[in-house]
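> Spelled out, the chains give:
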Amino acid sequence: MKKILLVIFICLFAAAPAFALDGNEMLKKVDRNLNPESYEMYRKLMDIEPDGSKKEFVMYAVKKGKEKMASVFLSPASEKGRSTLRIGENMWLYIPNVGKPIRITSLQSVTGGVFNNSDIMRLDYSAEYNCEKVEATDKGHILHLKAKTNTVAYDRIKMWVYGKSLLPDKTECFASSGMLIKTLYFKKVKDFGGGIVRPAVIETDSPLYKGYKSIMIFAKMKAKDLPDEVFTLNYMPKVESLR
Amino acid sequence: MKFFFRILCLLFFLSISFSGSLMAEDKSSDTLDLDFEIPEVEKKPYSFNAKFEISETIKGFDEDSLLFHQRYPNGRDNETFYQTEFDLKVEGSYQVSIVKLYARLNGDFYYNKEEDWVNDSRTEEAYVSLLPAPSITLDAGKKVLKWGKGYAWNPAAFFSRSKDIEDPDTTLEGYYVVTGDLIKSMDGVLKTIALTPVILPVSRHINDEWGTEREIVWGGKIYFFAFDTDLDIMFLSGEEVEDRFGVDFSKNISVNFEIHGEAAIVLDYVKYITDKQGNLTEKEYDAKSYLLGIRYLTSHDTTYIFEYFKNGQGYTSDEMKDYFTFIEDGYQEYISSQSMAKLSKSREYGSQFYNKQTVMKDYLYLKVSQKEPFDILYFTPSVTCLYNINDKSGSIMPQIIYTPITNLELELRATFLLGKDYTEFGEKLNDYKVYAAVKYYF
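From first to last, the protein sequence lines stand for chains L and U.
For the first sequence, position 199 matches number 199 in the working numbering, and the numbering has no gaps at all.
For the second sequence, position 255 matches number 255 in the working numbering, and the numbering has no gaps at all.
If you're looking for bench data, these hints aren't it; they were derived computationally from the structure.
Below, a list of computed lysine-lysine pairs in the DSBU-like style, where the Cα atoms sit at most 30 angstroms apart:
id, chain 1, residue 1, chain 2, residue 2
1, L, 148, U, 251
2, U, 44, U, 439
3, U, 89, L, 238
4, U, 44, L, 64
5, L, 64, U, 251
6, L, 100, U, 44
7, U, 428, U, 146
8, U, 43, L, 190
9, U, 251, U, 310
10, U, 367, L, 100
11, L, 190, U, 44
12, U, 433, L, 100
13, L, 238, U, 142
14, L, 29, L, 188
15, L, 100, U, 51
16, U, 51, L, 238
17, L, 64, U, 184
18, U, 44, L, 224
19, U, 89, L, 100
20, L, 100, U, 100
21, L, 64, L, 148
22, U, 392, U, 433
23, U, 44, L, 220
24, L, 66, U, 184
The shape of chain L in the complex, shown without the other chains (with noise of 0.2 angstroms):
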């Protein structure tokens, strides 16, 4: 009976970090799944109002490791030349006319729309998150993930994820209070060569901007390997002489 007993208590006690384990093991895989870990892209961002009126940017992108991205607008013309850097969970923007970077947070939008600058410069899920929970689906999982710390722009995350290809299918966004903030919706799966296939789009609404839409599509997504001196305020004038 104590045998019993002693391999229950084993079992048990043995289960719960491996179950988390996987669920942080596949979120580091969903992030390998969406991108290389250091790259460069092209988006385009759609702010689409009620009235079915559109307005759009396109920005050039890169990143490196966990925790840094830089990008900058190359059009409308209005918006080129501004430049944004995130290294964790530090945000600046810098702006051809004032000319020198200055600091924003996470909860604000460099563009307007629902996409706020923590979707726009969006760092590897894993290194914001962790798994507590995995629910198996009939198509694959929900990953629930918790924010590592309070300077993160959403606490909890919901995340679809399909079984074998473990893309993220949509994701809802859930503030401290447990208020849904916004939800992705991840399309038109695309191979962007190099190994990459992953959604083409995102596409998000928010019950806080009723009947609004935001859609970002990437292009030319690709592996590169660039120096950290990239990623300083210095440089924040000179990131489109990357491409």
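Assemble chain U onto chain L, guided by the hints.
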């Protein structure tokens, strides 16, 4: 003709304001063509950008103020001043290998009744950059170097011109410099260290705002990024200019709260002070200035920027009262004897030392802006308050910015000055100012 033009400008402004949503592209999200070809991906060696602005400025004179008496001792025919302005700002760059050329030109063409049509064109920036590696850059030419973390003021911006407190984000004209960046990134607590040396040559032909004797002004800035905090240490030194040292920092306390600060000391700063009789004296001391500020974003997308500025080079209330008394005496003398002697002298002091923005010791600045209230997209109203703690005068500036369609921006701004007699804002030339502008980027 001019009146007609002003009406036309106003109508254009209003018509675009109200027809923005009609002019916007009508395309349903369901029928969007999610094309993956992005033309901007094609990289060209050159780039070209421009902004064209039409604006109308209306100023209401305060005919009882001392600065009005100083400038218009005989009064004016019109209580109101109108100025129509056409401004074209063009910037372009061309890059071949590691060499990049950049220039920004500003052509301003304005009309007012006093000066008629005036053309004011200038090269704001024009420099060549060498970019051998991301960690090394060398720039030579006319360049703006904006240092400091303050939004409204930058006491540590040693190599740049003063900001316009009514529009701190507007572009400035640079100085001729040789400068560069040496950047080193590291793992660990100290993540980045960057060195920015600056050499600024002075002669009668270039940078003559710094002096007329030939000399080299030099300085630099060291930037550190550690403990999620930006930190800069800067200095400036020269034969004919006062040596100065500064430090600044900024840090995000949380996802919606940022703090920043800036401090500077100008060694052996010489302040020119007039007494009530107009006798000018020099006071030499180490002028210490500092600034503390926050930027806070609420869950309702309201942004607060709040700053306190201690201006070590500023005048005290008593010093300003002496200056105002001198103007008053000069005006009374002119009224009684038609002698301009005192008034002319006060004008000279005014243009050199006193009639400038935020010329006193202690100020508070608050800007509150609300992103897209009442579900009006791309519409940002704001209110800015500037308060002079020393004499309890100030200004209030409501502003609206609206971008109904891509690349088109409409701005309407009013400034109201408030203050008693013998206070900075109470004695300014104007009671109010209204500025309306249509800006187009291409």
